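A.B. asks: Read off the chains here:
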Amino acid sequence: MSSRPRLPARLLAVLLLGVAVGAGAQTGTVAPPTPDTRATQVTRASGRCGVCHPADRAAFEHSLHAREDVRCVSCHGGDDTTLEKAAAHGRGFTGKVDRGSIPQMCGGCHSDVEKMRPYDLPVDQYALYQTSDHGKRLRAGDRAVAVCSDCHGPHDVLAPSDPSSKVFPTNIPRTCGACHGDSTLMRSRKLHDTYREYLTSVHARALFDKGNLRAPTCVSCHGVHGAAPPQTGDVNKVCGKCHTAERRYFNAGRHRGAMADQKVSECASCHGDHAIPAAQPMRLAKSCVDCHDDRGKEAVLGQELLADYQRANDELDKADALIARADAVPLQTDDYKARLEEARTYLREAMTATHTVQPDVVSGFSLRAHSVGTEIQSEIQGKLGNIRTAKLLLILFWFYVLVTAGILYRIRDRRRPSR
Amino acid sequence: MNDTPKTPSRGLLAWLEQRLNVTELFSFLSHFGLVYTPIDTRRPLKDVLAEIDTTPVTSYARWPHVLGVLAAILFALEAVTGLLLAYYYRPSPESAFESTRTIVRDLPAGGFLHQMHTWGAYLLIAVVAVRLIRLFWDGLYRAPRELLWFSAVSLMWLILQLDFTGRLLTWNMKSYWAAERGLEVMWSLPLVGPVLSFMLGGRVMNEDVLIRFYVLHVALLPLFYMIGLYITFGTIRRVGLSAALEQTRGNVTTFRQHYIDLLIIALFLFAGMVTLATLAPFHFLGVADPYTTPAGARPPWYMLAPYAVFQRVPGPSWIPGGVMLAVALGLLLLPVWSRAGDSRFDEKRVRIAGAVAFGIWLALSVMGAFLDRR
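Chains as they are written, first to last, in my numbering: chain R, 1 to 419; chain F, 1 to 374.
Calculated from the structure, these hints are not laboratory results.
Predicted model, so just to flag it, every value in this text is computed and none were measured.
It cannot be assumed that every hint is accurate.
Stretch by stretch, here's where chain F covers chain R in the computed footprint (C-beta under 8 Å, at least three residues) [what the hints assert, rightly or not]:
| hint | segment |
| --- | --- |
| 1 | 362-375 |
| 2 | 399-410 |
Here are the computed lysine-lysine pairs in the DSSO-like style, where the Cα-Cα straight-line distance is at most 30 Å [unchecked claim]:
| hint | chain 1 | residue 1 | chain 2 | residue 2 |
| --- | --- | --- | --- | --- |
| 3 | R | 383 | F | 174 |
| 4 | F | 174 | R | 337 |
| 5 | F | 174 | R | 318 |
Derived Cβ-Cβ restraints for the label pairs, each shown as a range [stated by the list, open to error]:
| hint | chain 1 | residue 1 | chain 2 | residue 2 | range |
| --- | --- | --- | --- | --- | --- |
| 6 | R | 303 | F | 295 | 50 to 58 Å |
| 7 | F | 292 | R | 402 | 36 to 44 Å |
| 8 | F | 295 | R | 359 | 18 to 26 Å |
| 9 | F | 292 | R | 404 | 31 to 39 Å |
Note that CB positions come from ideal geometry on N, CA and C, so glycine has one too.
Given only the sequences and the hints, what does the whole structure look like? Please build it.
C.D. replies: See the structure below:
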């Protein structure tokens, strides 16, 4: 009996519970129970540093590092458990990290195989950076070169796959362009404003206008952490990563040896380096005389290749127009369309094959395209001709019509014999 | 003709006649304009034919006063070609274009059949329209020919509706958008607009519209058209050919000759259609794309006038729609409000008013055709 609470006590408990439930329900409806982490709560990542450094804290809190247990003190040192400035900025506090030592500092973790293993991240960025022009200049004492934080952000480090990251493909040109589009800075280093040149290129159009994330950005050719301009002799390897067929034809041709001997940049001599325009057949008429005599046999060869291309292209255009005419009849043209597409592929291959600068290789493709074009034309003309022939049957038809009309006219006036 | 009973003749017709009243069947055909003499269905067909053979016909019933019969013949031709096309046609947005292409491209003579159907439609509209103009010009809407006029106007409306519904069925880029613009014109008609739009399947193009257009095109509208033809020839049989003109000319021919003349006309009509279908075929256009409006999408030619008004006259669209409806109803009810004897509506004045209205319609149509052409 003594273990049982008395009635007034039980009543009180029920009442209290009811009030608590009511209060809970009320808070539940009024405001969602989500604490504002930005201003009030102390997180493990930023500790109490954010009380005085709210902007840095905000940038750091949504970075990849904050999620992976990296803290303010990991890079800056000091004590993040106190609000007392002297204590917080004591004990190995480095303050703002010196630009010259940033690569080393980042490398402290990112070159550590043990630390990077769980994330399956490469550990060679620091070593690569040392081989880059940025790294070399930094070591030589040039402090206006890119260090880790310039591209990845000091606090807001995001994964490269994050579209808001500075190293997401569509953001890379702007990230590099922050320095390489600064013409004053570049002029002092005897460099071009390659950022704006790149923006005019076919690569930039593919990246920005077509949204092709595999289109080449700065890092595709220059490397990421080991960024450096490709050397003469390497250019065709760099471009050939994507343009494999062009590279194959180029290496099979005479330009390769000759250009290597003359120390002339392979692809860039004709196509430019950053402001690379879309491949145009018309280039055949112009590019050769950039290096060769404009009355020499090379210039003539360029004109011949262009003429070959244009002849084949004209035939294909004519075939295309005929297919449109046949469709308006309509005739069955699916086969012709497939063959025309095949011929266009030959013609594209012919343009690729011009990198051999051997007319027999090139015309092998353009002639094939040409002959498919003429074949399609003659077959469609044949079918259209059949229709024209069928029209001649009209003469026969009208003959019968007139004969029938004549017979009808004759029996029209014939009286029926009365019975 | 002697009334003595003949010896029972042999042959298929005789065999049939003993088991079936063939004259009755013939009389049924005559309802659609083949014959307009009274037929006694109790007599054998041979007698009836022999009588028709020798019945004199006034010269009035000859060209160019045979447009009604031409409308019937062309309609029959459209029915036959349309029926054959329907064998392969599939009325759904997914397969309408495909099946049309199969008919036109892959089936033997399918393209020819389709061309004939299309050219026949154009000729049929021309014949019905010219006939309406002729009836108007000759004042053949006055008593007792009100029904002739009503049926002529109805045939005009029906044939335009048949054209409007038939156009869409090919589901190519031009027909799709023409029908879309046409639906917009329909919707703007006050009172009847929503009803018509409901019957046609909606205010804008959707999958219901195609199947409804199909049903209207192959079943409902042809049925109405045949009723219109029946009324046309039924009323001619009752009230006779245009009396005023009939009296001025003598009997020049017999029915037999008249039929053979009609046959020759029909033959030349058919030959003309074949020639047009062969020498001036309509182009086969690409499939309709609901997401891209081709440049210069406009309704069929007969809707260009109201379309021009909709596009250029500011204000609510029911005003031009109402005017259009009023004109159409006014045309239909011409016999009601222009009674003979009323001096305000004498023949000459009505003719001038009609010519002016026609001129305005023509000008608006031209305007509609050149709208947004640049």
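A.B. asks: So which of those numbered hints doesn't the model satisfy?
C.D. replies: 1, 6, 7, 8, 9
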